[in-house]
Amino acid sequence: MSEIDSLHRSLVARVLEGEGQASPEIRRAAFDNEGLAEPLRTFVDKVAHRARMVTDADIGSLKKTGLSEDQIYEIVVCAAIGQATRQLRNALGTLGAATGRD
Amino acid sequence: MRLAILDHGHGIRAKVMFVLIRVFSGHPVVDAVKLAFYRPSFYRAGGLTHEAMRGPSDWSVAERELMAAYVSKMNETEFCIVAHTATSALAYNDAAKVSATLADLETAPLGEELRATLRMLGKLTRENHVSADDIRTVLAAGASEQQIKDALAVAFAFNVTDRLADVFDFAVDDPAAINAGAKYLLERGYR
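Protein chains in written order, with the working numbering: chain X, 34 to 135; chain F, 1309 to 1499.
If you are wondering where the hints come from, they were derived from the structure by calculation, not from laboratory data.
Among these hints, one or two may not hold up.
[Claimed, not checked] Listed next, the in silico EDC-like pairs over lysine to aspartate or glutamate satisfying Cα-Cα at most 20 Å (straight line):
id	chain 1	residue 1	chain 2	residue 2
1	F	Lys-1323	X	Glu-102
2	X	Lys-79	F	Glu-1384
3	X	Lys-79	X	Glu-67
4	X	Lys-97	X	Asp-65
5	X	Lys-79	F	Asp-1402
6	F	Lys-1405	F	Glu-1435
7	F	Lys-1431	F	Asp-1402
8	X	Lys-79	F	Asp-1477
9	F	Lys-1457	X	Asp-38
10	F	Lys-1491	F	Asp-1477
11	F	Lys-1491	F	Glu-1414
12	X	Lys-96	F	Asp-1315
13	X	Lys-79	X	Asp-91
14	F	Lys-1457	F	Asp-1477
15	F	Lys-1491	F	Asp-1315
16	F	Lys-1457	X	Glu-36
17	X	Lys-79	F	Asp-1442
18	F	Lys-1431	F	Glu-1386
19	X	Lys-96	F	Glu-1384
20	X	Lys-96	X	Glu-58
21	F	Lys-1323	X	Glu-67
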């Protein structure tokens, strides 16, 4: 699986910097789960930590703020990849420390 | 699906493909496929998932599908639990092994390196971090450093997919469609 690192890097670059309808700042903040105003702050944290608890009402309240479905889609994708990336980086860093290769 | 664009917002090529899938498979297009073909220039994670699940590794395809099912169980993502339970069971040709693993990892009939790896992936998925002792336990059980990296790639792919399946509210398919999907994933993979 030698290609995983480069595939991961290009996936992250694509969703954060590629063509999209949500601003790069919002996408980065969703990826980092940091620096967002309500109701996005609570929503993105839910995607990161309690995704199965997201409801139709959560999506509805985002639409009421004027966000389009495509913008919500991009924000969710960035939030999911951001959280999984933090998990991956933690585990790879710990693996490096445990094997003396960090 | 919670976003109408994921049901109806695809380009003409994807829509034609969905018709062909419905005609030739005899099953509805599953929500995971609808997501994969929505604005592929933006998300398009199939290449990474395929490499994690089907790329070269000392873990077998059956073992990696079991990791996908186990991570999804930790996330309580029903769509991915049933899809990858079926795919792992088909790859192992042993449904009992997969259901025993999801019921109780500690007593399931697994090699110790796989059991320890699944335990570590479970902790990472639930708590978002692991300790050096957690990693040393996996190494002591017989998994190599590369096998741990390979398992972490599987966990990454499904910690993304599970969140998307939950937030977008993927429908859980009927058993016949789930089994057809499992057969497809073993024959063709994720690209």
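Evaluated hints:
no. : hint                    : result
1   : F/Lys-1323 x X/Glu-102  : 19 Å, holds
2   : X/Lys-79 x F/Glu-1384   : 14 Å, holds
3   : X/Lys-79 x X/Glu-67     : 13 Å, holds
4   : X/Lys-97 x X/Asp-65     : 24 Å, violated
5   : X/Lys-79 x F/Asp-1402   : 36 Å, violated
6   : F/Lys-1405 x F/Glu-1435 : 26 Å, violated
7   : F/Lys-1431 x F/Asp-1402 : 25 Å, violated
8   : X/Lys-79 x F/Asp-1477   : 14 Å, holds
9   : F/Lys-1457 x X/Asp-38   : 10 Å, holds
10  : F/Lys-1491 x F/Asp-1477 : 23 Å, violated
11  : F/Lys-1491 x F/Glu-1414 : 28 Å, violated
12  : X/Lys-96 x F/Asp-1315   : 17 Å, holds
13  : X/Lys-79 x X/Asp-91     : 10 Å, holds
14  : F/Lys-1457 x F/Asp-1477 : 30 Å, violated
15  : F/Lys-1491 x F/Asp-1315 : 24 Å, violated
16  : F/Lys-1457 x X/Glu-36   : 12 Å, holds
17  : X/Lys-79 x F/Asp-1442   : 27 Å, violated
18  : F/Lys-1431 x F/Glu-1386 : 19 Å, holds
19  : X/Lys-96 x F/Glu-1384   : 26 Å, violated
20  : X/Lys-96 x X/Glu-58     : 19 Å, holds
21  : F/Lys-1323 x X/Glu-67   : 37 Å, violated
Consistency note: the structure conflicts with the earlier hints numbered 4, 5, 6, 7, 10, 11, 14, 15, 17, 19 and 21.
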